[in-house]
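Protein chains in written order, with my numbering: chain X, 65 to 626; chain Y, 3 to 319.
Derived from the structure by calculation, the hints contain no laboratory data.
Where hints are given, some of them may not hold.
Restricting the straight-line Cα-Cα distance to at most 27 angstroms, the calculated cross-link-like pairs of lysine-lysine (DSS-like) are [as the list claims (entries may be wrong)]: (1) X:Lys-206 with Y:Lys-30; (2) X:Lys-570 with X:Lys-418; (3) X:Lys-572 with X:Lys-174; (4) X:Lys-154 with X:Lys-259; (5) X:Lys-478 with X:Lys-397; (6) X:Lys-265 with X:Lys-195; (7) X:Lys-478 with X:Lys-364; (8) Y:Lys-30 with X:Lys-259; (9) Y:Lys-238 with Y:Lys-224; (10) X:Lys-259 with X:Lys-182; (11) X:Lys-364 with Y:Lys-30; (12) Y:Lys-30 with X:Lys-502.
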Amino acid sequence: MRGSFIALAVATLVVTACGQTPGGSAASNPPSASDMPVRGGTAVIAIWQEPSTLAPVYANQTVSDIVNYGVLEGLAETTNAGEYVPTLAKSVPTVANGGVTVTGDKMDVKWELQSGLKWSDGQPVTSADVKYTWEIYLKDPKVNTRTGFDQIASIDTPNDTTAVVHYKTIYAPYPLNFYQLMPKHLLENEADISKSDYNRKPMGTGPFKITDFKAGDSITLEKNSNYRLAPEKPYLDKVIFRSVPSVEVAMAQLKAGEANAVWNLTAAQSVDLDKITGLVNQVVPGPSVERIEMNTAQNKEFTDPNSVNPVLGDIEMRRALLYATPKQQIIDKLFFGKAQVGSSPVSQGWAAFKGPQEGYDPRKANDTLDKAGWVKGPDGIRAKNGARASLSYTTTTGDATREKVQQVLLDEWKAIGVEVKIQNQPSSVLLSGSCTSKDPRKLGSFDLVQFSSAPGIDPHSTVLPRYHSKNIPTQANCAGQNYTRIKNPEIDAAIDAAGATLDQEKRKQSYATALKLLNDAYVIIWLYDRADIDARQDALKGWEPNAWQRFTWNIESWWLKK
Amino acid sequence: MGRFVLRRLLQALPLLVAISAVSFTILKLTPGGPLAAYEGNPLFTDEDRARLEHAFGLDQPIPLQYLSWLGQFVRGDWGYSFASHQPVLSLIGERLPNTIYLMGTVFVTVLLLAIPIGVVAAVKQYSWFDHLVTGSTFAFLSTPTFWLGLLLIILFGLQLRLLPIGGIDTPGQPFNIFDRLRHLVLPVATIALVQLGSHVRYLRASMLETITQDYMRTARSKGLGERVVVLRHALKNAAIPLVTVVALDVPELFAGALVTEQIFGWPGMGRLFWDAATRFDYPVLMGILTVSSGLIVLANLLADVVYGYLDPRIRFG
């Protein structure tokens, strides 16, 4: 059993390495006879969170995406390598292929739809749907985010398969602007989409359509006979997403054979499943990096970004904390090796920056602090100019993994004479991203804060809001995610340069410059790149990794071995 | 009697308004908010946050937010969930039948078992049956439901594979009453065993008190059969404390069982409340809290009315 799994895993890797066909994942190697896809069957996927809505305009949960990858499609999507490939479009427009024309600081993108595309109700997909999708995002006040859509001035639809999108600015992530298309013919007469059936049963062009949504219980997807790859795909007849109350219950259902797959496990939980024959963990290095951000300004509410943190304002102190952080040890002990040492916020994709952060060396940490004039007091804690090396350390409460990381670092840092006080907060506060909800990162009321947040596929949506000095949140303007309050004109210039061009090579160099400078300022300790771990029965085949999408991204190619 | 009920109902109104005001304030003062859920979206900007805060009315002062909620609530508009944008009433409407299924079964099961067990244990005090009942009810009463539920799952679901470990039906199959009953067994057992513990002990204790009363001897000396003495004379009087306990079970028919529904993935009101609480979904929370407190008030009133029936000496003044 085990041996056959390894063989399959190798086969999967080979298939993946051989590249993907546009918008799908059809294997280019003919699989061996025993691994030939079988048609039919129902796959049950246990999800331990329930999508409150599936409408792409409102959804804000990862789990909504998990379901929607089986249902909704857009013009283009992302491969595991972070490259854009067409889904419903004929090709991804670029400057090189003439699809994108830049005039001054504006740009036009010309999308050509494939011919004969149909919504799951049999109606044709047209360029009017592209325009309608944009319009609804701007019209409805309750939509999740207008990012990208707010950069569009107008859309022309010269014919049914052509949409020309006129951008007001140079908007580099344009290929994914329309990654979930909405059906105009179904929705144009709805006064409020949130109150229509679409809210729970969005209609798309994907391999499946939603036939049942039982709140708190299950969501049923059935084969879409109008799918562009039908009748070849999907292989499965039905997919049922079963809502369960916790990961533990999801795992129990997988073990009991009530579920074929389980979404989202921690490394420790996956180790538990590793021991069971017939179950497979799918570990995909994710683009999110767990990190500790250090506040260079004073630790107080609505801190002045020009103030200086009495301890962390000293770059030597920040440098010493990095030297005293045993990243690899944390990964080995707490993640059983199922994570990568972090070194930058852009760890995946074409702009990946892997310039390493210096490694673990507690002696160097002590030397650095000695040289910088931080003198140990009688209690073993250092001080300089009357400032005691005592820091608060905040992360989300109730997260066992993060709490263990804190315990490790508490001891390590104490050993170099730095005292740390744990001040954890619920994620609904710490990650609220809102000044009124008292997010300490926004207010500046923290010394050290540990968290992770998913990066955008385009690096600009990660780098600009987080490290440009114009994005430091203040009392007057709570916007921005530059939580370390770093102000470096060279970083600003590099980010601005990257945003002013569509030339990928130039952009990559500019981001590398900015991220190198960021690492040289020692304001963030990149702990580890988080891995996405999902589990399934060995009998559920066809799964492939994709760091940028969720594990159901190629569900049309899944099949059940009998 | 009619006037008594009417007066009590009128007294309840300001009480309910006060409860809702306090709940609303506590919810609002809890740090965090419904927009934390958007943090995972790398495209979510601060402009998006400001727009949504405005769309949900979160940018208003708390007293104004409360008044506008109350105004809509009394007119029958319970608002819309921040998370799903569905009307609160329809969210409750789709969960309520499932909870009534679960809690109704528990309610009936517990009553059918508690009364005979409590009566027999009291009448045969210090018998082996009484010792068994007092011992085991004490054990179940002290057992946390989350632990008992998990224990039952491990034993009957994972080890013996006799019963499903969660959900209300087998997914992907048409409704089948036997399938539904199989799914009911473990969650019902989890709640019923704990409730049974308390109900049996209440009834046993008050039965013991009653059967030593003088009027019991009188009844027997009148030549009444033991059956009639115990059931008509003793049980009717001994049931009063039980009525209070049982009446307070009634609101649970609506509110569901928070912990048990969570463990067994039962799509009822308890899970709706739990999910809403973790998402700071104020309109859903307020809807459930207000109805629950209303039902508690009503259940107490019901208990008072039943007292009068059981014991005519209790008058409605």
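Status of each hint after checking the structure:
For the proposed pair Lys-206 (chain X) and Lys-30 (chain Y), the alpha carbon gap of about 21 angstroms is at most 27 angstroms, so the pair holds. For the hint linking Lys-570 (chain X) to Lys-418 (chain X), the alpha-carbon distance of about 17 angstroms falls within 27 angstroms, and the restraint holds. Of the supplied pair hints, the one linking Lys-572 (chain X) and Lys-174 (chain X) holds, its CA atoms being roughly 24 angstroms apart against a limit of 27 angstroms. Taken as a hint, the Lys-154 (chain X) and Lys-259 (chain X) pair is broken in the structure, with Cα atoms around 34 angstroms apart against an allowance of 27 angstroms.
Simply put, Lys-478 (chain X) and Lys-397 (chain X) have alpha-carbon atoms about 20 angstroms apart, close enough for the 27 angstroms limit, and the pair holds. With a C-alpha separation of about 21 angstroms, the suggested pair Lys-265 (chain X) and Lys-195 (chain X) falls inside the 27 angstroms cut-off, and the hint holds. A C-alpha spacing of about 23 angstroms is found between Lys-478 (chain X) and Lys-364 (chain X), which places the hinted pair at or below 27 angstroms, so the restraint holds. Simply put, Lys-30 (chain Y) and Lys-259 (chain X) have alpha-carbon atoms about 26 angstroms apart, close enough for the 27 angstroms limit, and the pair holds.
Between the alpha carbons of Lys-238 (chain Y) and Lys-224 (chain Y) the distance comes to roughly 18 angstroms, so the proposed pair stays at or under 27 angstroms and holds. Simply put, Lys-259 (chain X) and Lys-182 (chain X) have alpha-carbon atoms about 25 angstroms apart, close enough for the 27 angstroms limit, and the pair holds. Of the supplied pair hints, the one linking Lys-364 (chain X) and Lys-30 (chain Y) holds, its CA atoms being roughly 23 angstroms apart against a limit of 27 angstroms. For the hint linking Lys-30 (chain Y) to Lys-502 (chain X), the alpha-carbon distance of about 13 angstroms falls within 27 angstroms, and the restraint holds.
Of the numbered hints listed earlier, the single one contradicted by the structure is hint 4.
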